[in-house]
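Visitor: Please take these sequences and the hints and turn them into a complete structure.
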Amino acid sequence: MPNYTLNVNGQQRQVTADEDTPLLWVLRDELDLVGTKFGCGIAQCGACTVHIDGVAMRSCQMQVSILDGTKITTIEGLSVDGKHPVQEAWKTIDVPQCGYCQAGQIMTASAFLAENKNPTEKEIRNAMHGNICRCASYNRIEKAVKLAAKNL
Amino acid sequence: MKLHKKDNFSRRNFLKTSVLASGGMLIGFNFLTACKPEAKMPVTIDNLNFNDFNAYIKISEEGYVTIFSPNPEIGQGVKTAMPMIIAEELDVAWKNVTVAQADLDTKNFKRQVAGGSQSIRSSWSVLRETGATAKQMLMQAAANKWQVDKSTLKVANGIITNNNGETLGYGDVVKEAALLEVPEKVTLKALKDFTIIGKDALNVDLHKIITGQSLYGLDYKAEGMVYATVLRPPAFGQELVSFDATEAKKINGVLEVVTIGKKVRKFKNSGEKNWSFSLSSSDKVVVVAKNTWAAIKGKKAIKAKWKTITALESTEQHNIVLNAILNDKKGKVRREDGNVKKAFANADKVIEKTYSAPFLPHNCMEPMNFYANITKEKVHLVGPIQTPEAAANIVGKMFGFTQDKIHLEMTRMGGGFGRRLYGDFVFEVAEIANKIQKPVKLIATREDDMTTGIYRPSTKYKITAALKDGEISGYQLKEAAINGNMYGSIAHFFPAGCIPNYKVESGNYKSNITTGAWRAPYTNFLAFAEQTFFDELATELKIDPIQLRLDLLENLDPKKDKRIQYSGKRTKDVIELVREKGNWGNVPVGVYQGFATYYSHNTHVAEIADIEIKNGLPVIKKITVAVDCGIVVNPTGAKNQIEGGVLDGIGHAMYANFSLKDGKPEYKNFDTYRLIRMNETPIVEVHFVENNLKPTGLGEPGLPPAGGAVANAINAALGKRLYNQPFIKDLQKQTILG
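Each protein sequence line maps, in turn, to chains S and U. What the first sequence shows, in the numbering used here, is residues 1 to 152, in sequence order. What the second sequence shows, in the numbering used here, is residues 1001 to 1738, in sequence order.
Source of the hints: derived by calculation from the structure; they are not laboratory data. Even for Gly, the Cβ is constructed at its ideal location relative to N, Cα and C. Hints may be right or wrong, so weigh each one.
Claimed, not checked - Computed cross-link-like contacts, EDC-like style, restricted to lysine to aspartate or glutamate with a CA-CA straight-line distance of at most 20 Å:
hint	chain 1	residue 1	chain 2	residue 2
1	U	K1621	S	E123
2	U	K1353	U	E1471
3	S	K143	S	E123
4	U	K1290	U	E1256
5	U	K1330	U	E1505
6	U	K1621	S	E121
7	U	K1290	S	E30
8	U	K1300	S	D20
Said to hold, decoys possible - Using C-beta positions, here's what the derived DEER-type ranges look like:
hint	chain 1	residue 1	chain 2	residue 2	range
9	U	V1241	S	Q61	30 to 36 Å
10	S	V55	U	T1310	48 to 54 Å
11	U	S1281	S	T5	47 to 53 Å
12	S	V55	U	D1730	35 to 41 Å
13	S	T92	U	I1159	28 to 34 Å
14	U	N1269	S	E123	55 to 61 Å
15	U	L1191	S	N7	54 to 60 Å
Said to hold, decoys possible - Chain U stretches covered by chain S per the calculated footprint, using a threshold of three residues with CB under 8 Å from any CB of chain S:
hint	stretch
16	1364–1371
17	1666–1677
Guide: Right, here's the structure in full:
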């Protein structure tokens, strides 16, 4: 199996994996970064969202072999001790129920707010539409994104 | 507060205190024993190792309080709410309390966690008594130290104060308190003195969730652990004949390919019917690999041959047999009042409607998974399961282990919705672990979960009403469900007791499609059918739909009929509250409203949907909800539960389609199976009826009325009645046809 060097959360990490292995499983199984979640495996639910060079991407569809030279950020590396404004907003609003999808929601929201500092309600809803929350915490997600935008 | 009589039994049966070796005090109590007074303690009460308690309070000498929450957490908030009740009576500041999942001592394999689905409702008194008992013992210890009478002491936030203004923290007296006799009588706080219950408390796992720490079953890892995927028959009614694993074994990381099924079959044939119905009898092919991706790829590379052993059923055929049950067959009569036949014979008009709903998969965001390690000596199981006790019990029976050799750890669950009541994946992983003699984690893909599920049964209702002199003189409801749905008490929900000639019956078709509990079981679709039917009756009778319900409730006399499940007063309370808060009949032009009310899981709920029409399709803007769940323990958690239940109800009523063809599910993943998303989400405004009644559950009752409220609003807007779920199918048809 080939070796790859990945830049994950600011660190160079060596992994041995088949070239078609999705980043999701490299993160979870090889690098012990289990915050990025498996939900559907076909980029439809958003639970596996990470940042590749600051852009929110579905890690279940990113093969490890094409990530050379990119900067990968996962929920574990979004901030030191959960201090990112989006994470803080998630705490203030008490967003999660079961919590399983929330890392993906936070990664989508943080990449979106980095691009759009002053979003409208409609823009927030469109940006978050791709992330499923089975507990349907959507209204609190919307509130938290609004709050984070204010505090960014 | 006076305790409910059945809770009034010796505290010594379920509560025990001990001095900790490290200092401090440990209070153990047993939920199951406490909730079921007739149950006996499994060991003698003098045993101080606490192995048979399933919940604890630890008070350290520094005064820190740790509450070990006993129940599995699936997102319903009990891990926050249950400790709040203890902390209230213990009189400690909520911010000084740490909450941990009642875990197993991994060094000591003697303890088996119990818990299961004990709700706030059944544990309310026990939790209060436990907190109050501990507080009283701590106060007694302080009184002894000061040599004063306990009644002269005051407590606030874990600090005991005497008449001279001297203080002792709980930590200062724990050692002494732990040695005192457990008092037989304790005084509970007056409700007006509550400082924690009724105040918003944040989810106790919040920080871990938002920083991506390991919490869920899928995150669990153990030394030497391998990963397994399971290839099950692609169609209900099929079994494995043979398979070729040549290609699978060529995949990097695939370690071995084995079959399982023997142990499950043996167990299934042993007669434990209540649990084995969810288990396929077929052999299954298991790909064991070094990592998840290899296991997933390996499963795809297996070439398997299957044979058909029972009928390959299709949705089309189910529709025919369910209609036949509704129209041609006698059902099981669940309740019959008056003379229904006569009422219909004498009616001015008869209204008859038929309602239809598909199977529903649960689609927990965290796919099914479980860890097992079975050695000659013991069994270690870890993962998300709503019924840990039953799962451990069955694994013990399957592999010949006594319960003291089985160690089951519960993890936080990425959703339950009823799916994790069934332990099929625990038995599968146990059989794999036993076969390969390695620690192993079973992982289901989304496709596995959706196509080999335990579905909400596909169900139809026929409801018929006799109208006479502007009143509903007769009412008949018949259910036809795949494998059955309705159970005893449902026939005594509204409108039972409100209509003199009333009959409920049910029939079922026995199918090889596995079905089971799905959020708000039995009523998640029934409520829609009945609540839209009443809306239609209101139109027919030219009366306001809310007034129709209130008028009917006037006929209810629960004293005359003990079988009645719901409260007429509490139903009226939620109806009046939602009518006021939802501005019923008083909305701007272009906004249309629908109303529904339902009692389920001991909680009364009423909802008003506000919708608008865009491009011929409804846009749901707002749902106003009124809830009577008695005392609200954690308002923010309570609101979240209702909001989630309402949106879940709307999402599945609007969009969720599921069908089978030749035994195979036609929906496999979220590209075709539609769940509600952000852009379809209305505002949900939740109001609670204020009273001092014992709290009841919130995870489910918000869901049943939601579909009906939306359907009734759609009718108000478009003049189009909806009889089938998902609504989107009929709505799109109408839009396309103009």
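Visitor: State for each hint whether it applies.
Guide: How the hints compare with the structure:
| no. | hint | in the structure |
| --- | --- | --- |
| 1 | U:K1621 - S:E123 | holds, 17 Å |
| 2 | U:K1353 - U:E1471 | holds, 18 Å |
| 3 | S:K143 - S:E123 | holds, 13 Å |
| 4 | U:K1290 - U:E1256 | holds, 10 Å |
| 5 | U:K1330 - U:E1505 | holds, 8 Å |
| 6 | U:K1621 - S:E121 | holds, 14 Å |
| 7 | U:K1290 - S:E30 | holds, 10 Å |
| 8 | U:K1300 - S:D20 | holds, 14 Å |
| 9 | U:V1241 - S:Q61: 30 to 36 Å | holds, 35 Å |
| 10 | S:V55 - U:T1310: 48 to 54 Å | holds, 50 Å |
| 11 | U:S1281 - S:T5: 47 to 53 Å | holds, 49 Å |
| 12 | S:V55 - U:D1730: 35 to 41 Å | holds, 40 Å |
| 13 | S:T92 - U:I1159: 28 to 34 Å | holds, 29 Å |
| 14 | U:N1269 - S:E123: 55 to 61 Å | holds, 59 Å |
| 15 | U:L1191 - S:N7: 54 to 60 Å | holds, 57 Å |
| 16 | 1364–1371 | holds (count 4) |
| 17 | 1666–1677 | holds (count 6) |
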